[in-house]
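A.B. asks: Sequence:
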Amino acid sequence: MSKYFLFFSLIANVFFLFAIVYGVQRLGGVQYAWYRLRHSEAGLYEHRKQLFEQMPVAPGAIIFLGDSQTEQCEWREWLQWDSNLAVLNRGITADHTAGIQARLPEVLRHRPSKIYLMVGINDLLFGGSPAETARRYRALVQTIRRESPATILVIQTLPPVNNTLKKMSVSNTEIQSLNTELIALAHEYALPLVDLYVPLCDYAGNLSKKFTEDGLHLNAEGYRVWKQAVKVAKNTK
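Using the numbering used here, the letters of the sequence shown map in sequence onto residues 875 to 1111.
Do not rely on the hints blindly, as some may be mistaken.
25 Å max Cα-Cα, derived DSS-like pairs, lysine-lysine [as the list claims (entries may be wrong)]:
{"id": "1", "residue 1": "Lys923", "residue 2": "Lys988"}
{"id": "2", "residue 1": "Lys988", "residue 2": "Lys1101"}
{"id": "3", "residue 1": "Lys1040", "residue 2": "Lys1083"}
{"id": "4", "residue 1": "Lys1040", "residue 2": "Lys1108"}
{"id": "5", "residue 1": "Lys988", "residue 2": "Lys1108"}
{"id": "6", "residue 1": "Lys1041", "residue 2": "Lys1084"}
{"id": "7", "residue 1": "Lys1101", "residue 2": "Lys1083"}
{"id": "8", "residue 1": "Lys1041", "residue 2": "Lys1083"}
{"id": "9", "residue 1": "Lys1101", "residue 2": "Lys1084"}
{"id": "10", "residue 1": "Lys1084", "residue 2": "Lys1105"}
{"id": "11", "residue 1": "Lys988", "residue 2": "Lys1083"}
{"id": "12", "residue 1": "Lys1083", "residue 2": "Lys1105"}
Hints in this document: simulated from the structure, not taken from any laboratory.
Put together the whole structure using the sequences plus the hints.
C.D. replies: Below is the structure:
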């Protein structure tokens, strides 16, 4: 009996070890896993936040505000605005609605002419419901309109995800539910809206594989779609 137990225990341990190795590889390999163990995202978040607070005021700036999706694009170069106004990237990886609310004073000190806001996916990824996220999003809108009434606030819907490329703790049903709330919010406050969900979908309603490598973040072709959506909204305003 003990021999059978040892045998099955050995087999179970082998499968467990295989699962760990496979998981590490899926997350980017041993070097990346070791890097993540030694570096805190919270620390990186705080570093970027502090950097923004040290930047000089740019009156009337056009600001892109959000999480990693916003952070990873070079908006000034990408859009080539026909304007002398500064274009500021205020995206921070892993940010969420409460984080944006906490750092609004730094954003609004510029008295921005325009804010392009896209946030909410991390709220959903870490267990927030679409309804809860929409309530916090509404608070963001109310704060911006109250503290900087001359700013044009542009709401941007969340892109879809692709769970066939990488399994995530959020579904496109949840994203669509939140987007429905954001669209209603834009209509309620008469705010410009940039829809990023529909143009980035494939035939099955997922984030198209041609626009992503990891099922969540956008590649250059994905940003090209975002760029076009922003330019259309800009020209119709």
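A.B. asks: Checking against the hints above, which ones are violated?
C.D. replies: 4 and 11
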